[in-house]
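**Q** Residue numbers (UniProt numbering), protein chains in the order written: chain E, 1 to 62; chain A, 1 to 62; chain D, 1 to 62; chain W, 1 to 62; chain Y, 1 to 62; chain R, 1 to 62.
Careful, some of the hints might be misleading.
Listed below are several chain E residues computed to face chain R (Cβ distance under 8 Å; list not exhaustive) [unchecked claim]:
| no. | residue |
| --- | --- |
| 1 | I20 |
| 2 | L28 |
| 3 | G55 |
In silico DSSO-like cross-links for lysine-lysine, where the CA-CA straight-line distance does not exceed 30 Å [stated by the list, open to error]:
| no. | chain 1 | residue 1 | chain 2 | residue 2 |
| --- | --- | --- | --- | --- |
| 4 | A | K18 | R | K18 |
| 5 | W | K18 | W | K36 |
| 6 | R | K18 | R | K34 |
| 7 | E | K34 | R | K34 |
| 8 | A | K18 | R | K36 |
| 9 | A | K34 | D | K18 |
| 10 | W | K18 | Y | K36 |
| 11 | A | K34 | R | K36 |
| 12 | D | K36 | W | K36 |
| 13 | E | K18 | E | K36 |
| 14 | W | K34 | W | K18 |
| 15 | A | K18 | A | K36 |
| 16 | D | K36 | A | K34 |
| 17 | Y | K36 | Y | K18 |
| 18 | W | K36 | Y | K34 |
| 19 | D | K18 | W | K18 |
| 20 | R | K18 | E | K34 |
| 21 | Y | K34 | W | K34 |
| 22 | W | K36 | Y | K18 |
| 23 | D | K18 | D | K36 |
| 24 | A | K18 | A | K34 |
| 25 | R | K36 | R | K18 |
Hints were generated in silico from the structure; no laboratory data involved.
The C-beta atom is built at its ideal place from N, Cα and C for all residues, glycine as well.
Protein chains: 6
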Amino acid sequence: MPYVNIRIAGTLSREQKKQIAQEITDTLERVAHKPKSYTYIAFDELPHESWAIAGTLLGDED
Amino acid sequence: MPYVNIRIAGTLSREQKKQIAQEITDTLERVAHKPKSYTYIAFDELPHESWAIAGTLLGDED
Amino acid sequence: MPYVNIRIAGTLSREQKKQIAQEITDTLERVAHKPKSYTYIAFDELPHESWAIAGTLLGDED
Amino acid sequence: MPYVNIRIAGTLSREQKKQIAQEITDTLERVAHKPKSYTYIAFDELPHESWAIAGTLLGDED
Amino acid sequence: MPYVNIRIAGTLSREQKKQIAQEITDTLERVAHKPKSYTYIAFDELPHESWAIAGTLLGDED
Amino acid sequence: MPYVNIRIAGTLSREQKKQIAQEITDTLERVAHKPKSYTYIAFDELPHESWAIAGTLLGDED
């Protein structure tokens with residue numbers, strides 16, 4: 001551990017995931033003293049129509 | 001918050017997700033006093049073969 | 001399945017959980033044709049200081 | 001319950017999922033006295049590029 | 001990875017968690033060829049009143 | 001969305017959670033263009049004995 005799960009609607013590029021994983025892993029090392037090698041990060045990219053806010057599905061198209 | 005994650009085997013139509021999201025968001029507002037705008041609902045639709053009950057995968061086909 | 005996970009900051013009374021579980025299970029039966037006996041609902045009640053929106057922890061007190 | 005969520009990068013064959021589901025369900029019955037019929041197991045197979053260890057995405061290819 | 005999340009209502013003894021963790025880690029190595037050192041297992045023990053099956057909370061007492 | 005779930009064994013101080021939430025929310029805005037107000041972050045702090053790596057529970061004490 002830590003295990004971090006990032007869930008978004010839509011997609012992220014490989015480059016974005018790389019940058020986000022790097023920064024979060026750095027944050028957890030610097031702030032919470034978790035050795036980098038222990039941090040797992042899993043991204044879930046959901047279709048817009050699988051995410052609702054305020055009772056309404058995101059996007060009317062995909 | 002709240003964050004609600006609904007996980008099923010198989011798929012739901014857009015219409016079904018819409019209806020479910022609406023009703024759950026209503027329930028959380030009415031019963032738990034959570035303003036609708038705060039409720040996130042994320043649907044995960046898994047292949048049948050990725051779900052086991054009683055040690056047996058669902059469906060022998062997809 | 002379905003498996004539904006409801007995560008909130010703060011607590012719900014037993015009565016509220018009961019009502020919410022009942023309504024969501026009804027919704028999934030009526031809209032998604034999932035037999036009631038298959039629906040699992042798990043509530044997670046997190047301390048306010050374990051939930052952040054917009055980069056700010058909820059509540060300055062617990 | 002129990003609800004077990006297994007998340008991996010890459011894929012598992014149907015045969016592997018079957019075997020894993022069977023063994024985990026057995027373990028939970030034998031060790032934790034959970035009747036088999038109550039155990040749900042959900043597998044999530046993520047693309048390698050959606051999983052980071054130590055701040056680095058797994059695999060440079062998929 | 002893998003990351004395995006086991007969610008139950010009620011509690012497990014330390015001895016039970018130990019045994020379950022060992023067996024699941026073995027299974028994932030033997031069946032899915034995941035090196036033991038990569039497998040994370042997280043147990044969540046929920047109060048009975050936070051788990052509903054068929055729209056009814058488990059246990060009327062805790 | 002996004003919804004971020006950070007799971008660790010042990011505890012974090014309020015100050016650590018605050019700092020981590022702030023930095024991750026910043027990262028997701030800067031890198032993934034997600035407006036800060038949409039980002040939810042939920043921390044789960046598990047007892048050491050509820051987390052296993054390589055088939056062994058963390059800590060022999062709590």
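**Q** Does the nearest C-beta of chain R fall within a distance shorter than 8 Å of the C-beta of G55 of chain E?
**A** 15 Å, violated
**Q** Within 30 Å, alpha carbon to alpha carbon, are K36 of chain R and K18 of chain R?
**A** 14 Å, holds
**Q** Within 30 Å, alpha carbon to alpha carbon, are K18 of chain R and K34 of chain E?
**A** 16 Å, holds
**Q** When you check the alpha-carbon spacing of K18 of chain D and K36 of chain D, does it fall within 30 Å?
**A** 14 Å, holds
**Q** Mind checking the CB of I20 of chain E against every CB in chain R and telling me if the closest is under 8 Å?
**A** Holds: closest Cβ of chain R sits about 5 Å from I20 of chain E, inside 8 Å.
**Q** Against the 30 Å threshold, does the CA-CA distance of K18 of chain W and K36 of chain Y hold or violate the hint?
**A** Since the Cα atoms of K18 of chain W and K36 of chain Y sit roughly 20 Å apart, the hinted pair holds (cutoff 30 Å).
**Q** Assess, step by step, whether the Cα of K18 of chain A is no farther than 30 Å from the Cα of K36 of chain R, and give holds or violated.
**A** 25 Å, holds
**Q** Does the alpha-carbon distance linking K36 of chain D and K36 of chain W stay inside the 30 Å limit?
**A** Distance ~19 Å between K36 of chain D and K36 of chain W Cα, so the pair holds.
**Q** Check the hint pairing K36 of chain W with K18 of chain Y against an upper bound of 30 Å on the C-alpha distance.
**A** 20 Å, holds
**Q** Would the hint linking K36 of chain Y and K18 of chain Y be met if the CA-CA limit is 30 Å?
**A** Holds - the C-alpha atoms of K18 of chain Y and K36 of chain Y are around 14 Å apart, at most 30 Å.
**Q** Is K34 of chain Y within 30 Å of K34 of chain W, Cα to Cα?
**A** 26 Å, holds
**Q** Does K18 of chain E pair with K36 of chain E here, judged by a C-alpha cut-off of 30 Å?
**A** 14 Å, holds
Figure legend: structure checked against the earlier numbered hints; hints not met, in rising order: 3, 4 and 19.
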